[in-house]
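Protein sequences, first through last, are from chains A and B. Our numbering applies: residue 1 is where the first sequence begins, and numbers increase by one. Our numbering applies: residue 223 is where the second sequence begins, and numbers increase by one.
By construction, these hints were calculated from the structure, which means they are not laboratory data. There could be a bad hint or two in this list.
[Unchecked claim] Derived EDC-like pairs: lysine to aspartate or glutamate, alpha-carbon spacing no greater than 16 Å straight-line: (1) A:Lys18 / B:Glu480; (2) A:Lys2 / A:Asp56; (3) B:Lys476 / A:Glu107.
[What the hints assert, rightly or not] Restraint ranges, calculated between C-beta atoms of paired labels, are given here: (4) B:His428 / A:Asp61: 41 to 47 Å; (5) A:Gly145 / B:Pro611: 55 to 61 Å; (6) A:Asp58 / B:Val470: 23 to 29 Å; (7) B:Val470 / A:Ser21: 18 to 24 Å; (8) A:Thr32 / B:Glu489: 37 to 43 Å.
We put the CB at the ideal spot given by N, CA and C, even for glycine.
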Amino acid sequence: MKILIVEDERRLGNFIKKGLSERSYTATWVPTCREARDALCETGYDAIILDLGLPDGDGLDLLKEWRHSGFNEPVLILSARDAVEDRIKGLDVGADDYLAKPFSLEELLARVRSLLRRQSAVKDTVLEHRHIRMDLLGRTVTAKGTPVDLTSREFALLEIFLQNPGRILPRTLIAEKVWESHYDIDGNLLDVYMSKLRTKFDVTTDRPLFKTVRGVGYQMLP
Amino acid sequence: MRSIGTRLALLYAGVSTATMVCLFVAGYYLLNSHLVHGLDLLNAAEFEQIKAELGPEYENLSVEKIQQRTHSAVEVASVFFYVEIHAKRNGVLFASSNLAGHRLPDIPGKHVFTVTADGIGELRVGEFILGPMDVMIGTSYRQVGVVMEGYTETSLILVCLMLVASVIMGLVLSRAAMRPVRLIQETANHIRSDNLSERIPVGAVHDEISNLARLLNEMFDRLELSFNQIRRFTAEASHELKTPLSLVRLQAEKLLVEGGLTPSQEEAVQMQLEEITRLNKIIEELLFLSRAEAQAVRLDFRRENPRVFLQSFELDARALAEHRGMSFTATIEGDGAVDFDSKWLRQVLLNLLQNAINVSPPGGRIRLTSVFMVDVWRVSLEDQGPGVPAEQRERIFDRFVRLEAAATNEVKGSGLGLAISRSIIGLHHGVIRAEAGSGAMGLRVVFELPIGDTKSADQSAKALAAGLKPSEPVLQPD
Chain A
1 MKILIVEDER RLGNFIKKGL SERSYTATWV PTCREARDAL CETGYDAIIL DLGLPDGDGL
61 DLLKEWRHSG FNEPVLILSA RDAVEDRIKG LDVGADDYLA KPFSLEELLA RVRSLLRRQS
121 AVKDTVLEHR HIRMDLLGRT VTAKGTPVDL TSREFALLEI FLQNPGRILP RTLIAEKVWE
181 SHYDIDGNLL DVYMSKLRTK FDVTTDRPLF KTVRGVGYQM LP
Chain B
223 MRSIGTRLAL LYAGVSTATM VCLFVAGYYL LNSHLVHGLD LLNAAEFEQI KAELGPEYEN
283 LSVEKIQQRT HSAVEVASVF FYVEIHAKRN GVLFASSNLA GHRLPDIPGK HVFTVTADGI
343 GELRVGEFIL GPMDVMIGTS YRQVGVVMEG YTETSLILVC LMLVASVIMG LVLSRAAMRP
403 VRLIQETANH IRSDNLSERI PVGAVHDEIS NLARLLNEMF DRLELSFNQI RRFTAEASHE
463 LKTPLSLVRL QAEKLLVEGG LTPSQEEAVQ MQLEEITRLN KIIEELLFLS RAEAQAVRLD
523 FRRENPRVFL QSFELDARAL AEHRGMSFTA TIEGDGAVDF DSKWLRQVLL NLLQNAINVS
583 PPGGRIRLTS VFMVDVWRVS LEDQGPGVPA EQRERIFDRF VRLEAAATNE VKGSGLGLAI
643 SRSIIGLHHG VIRAEAGSGA MGLRVVFELP IGDTKSADQS AKALAAGLKP SEPVLQPD
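With the rest of the complex left out, here is chain A (with noise of 0.2 Å):
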């Protein structure tokens, strides 16, 4: 998987870079706009990473041209505006994502990860993992066979985990996807509704099925 990254800060740019490649990404890091026309022009890429303050001009003018041109690969913004203007005027110029500093790298690797895996995503309908077993079509869960009664939100967190078995949850990301909102959620809403879903799932097994990634979000475990 081929990753351009836009980044004008030569130290972050490097980072991402560097984050990536550990991954087995093959990352390529240019700091201008012009340089990545250049890159972009040379070789194709799976994903392109994409800061808007750039010295010489604006990313969204650059999204913009290569929406216009036909580039149709994810692209993800990576930017220090986090209004919620700018992000509808981003995700509406093309963009697939929009991830604000101060990031997480784990954030930053999930978020890539699931735009890498938008582009080929069949959803199923009914999702299991480990003794759960959840019915998107029938609405309902499982665990051991045993039905476990969620209310709506449970129900939408749950799901998120299933759909990434095993993956650190960022979350901003959670956030965005069950209560849809751009505004990190304030509180421990969320520490709230997990510790509901660890009440309910965490005696039908002897294993913990959750973890806590202090600072980042949260983890389903395998």
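Starting from the known structure of chain A, arrange chain B on it as the hints suggest.
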């Protein structure tokens, strides 16, 4: 009168009519004195004729002679003149027949006067001395009266016409004069935060109006500049603060991932990460406040019944409250349509709930009430905490204000939650305030949003629909 144009027109009409009235009045007196002077001259001419008829020896003439001679002189013009001749001592020597036995009244000490004689009417009388005799000659004043009456009538008609004409002219003139002002008004009205680059067209001529337009344009220049500065500042501040923050965070995470830290070192790094998150939140909230103040926040207004929205919030609020051992109840009364942005309003409710949870005692009850009043939708959230003294209730909506009671609490907030809530409610054209709780303790925070289909909310919705073009600053009109 609300229009300067109408006021100007009326002023113009008033002044021009008043001028005309003054002219007519002056004309009246001039004409009158002119005509009276004419009568005096006629009287004098008649006297000369009588004098000529009496001859040079008038002093020695007998009474009969005088009567005879005067008679022949006077009767020819008896239509015009009334003549009476007195001797200094002997009384009336002669009275013309048209006096018909009446006397010409005399005003002692005056030689020329206007007087009303019984049975004859108003007369202009001239008194002439001819040796021992007093010759009084009167002419009817009627003609003067008729002329002056005609003059007055004509004047009044002209003044009325003038009044009508000047009102019309005034309106036309003031419209012409106000046209550039209206043009300025239209343009200025049009210029809002989303099209601040527009300017009022200024003509080539240098007059008061174009100077005003220039001044306004200069003001718009400054306004645009400061708007842009705020926009730039928020963009730059975001970038300049967050890029280094990203690096700090990534480095800290790297330490954790690479391992090899002692538990206490790991704890320190974790705390760093948490503080970075908190710092980021404060930056985010400060930027939001500054953009909200500059009217640079766009809300996605939808007109809907808030019931569903509140029920969804109730779900999360109950979970949060119960997690901390408190209870949460929501009373949702009435239905109606309100313009609001559910994401931001949810943020307000979450902020209020967080505060309530932070101050409530264990087992405390937090109550949300939603009611529809005549023209507002009122939502209140009440806790059973220690409450806030009346004099500090307004202050809690200021930035970074933390009351002692809350400061002792372990939960760390940014201190911006209520300020942000007030901003968001303000963007909804609503109000938010704190009140004493219904019990002995507690605080109730109430916000009210207008139910009416606010025009500005519509405009915002339109701005949203039209404003999603990229790379163009989209702002919300106030």
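Against the structure, the hints:
no.: 1; hint: A:Lys18 / B:Glu480; in the structure: holds, 14 Å
no.: 2; hint: A:Lys2 / A:Asp56; in the structure: violated, 24 Å
no.: 3; hint: B:Lys476 / A:Glu107; in the structure: holds, 13 Å
no.: 4; hint: B:His428 / A:Asp61: 41 to 47 Å; in the structure: holds, 42 Å
no.: 5; hint: A:Gly145 / B:Pro611: 55 to 61 Å; in the structure: holds, 59 Å
no.: 6; hint: A:Asp58 / B:Val470: 23 to 29 Å; in the structure: holds, 26 Å
no.: 7; hint: B:Val470 / A:Ser21: 18 to 24 Å; in the structure: holds, 22 Å
no.: 8; hint: A:Thr32 / B:Glu489: 37 to 43 Å; in the structure: holds, 41 Å
Going down the numbered hints, you'll see the structure goes against just number 2.
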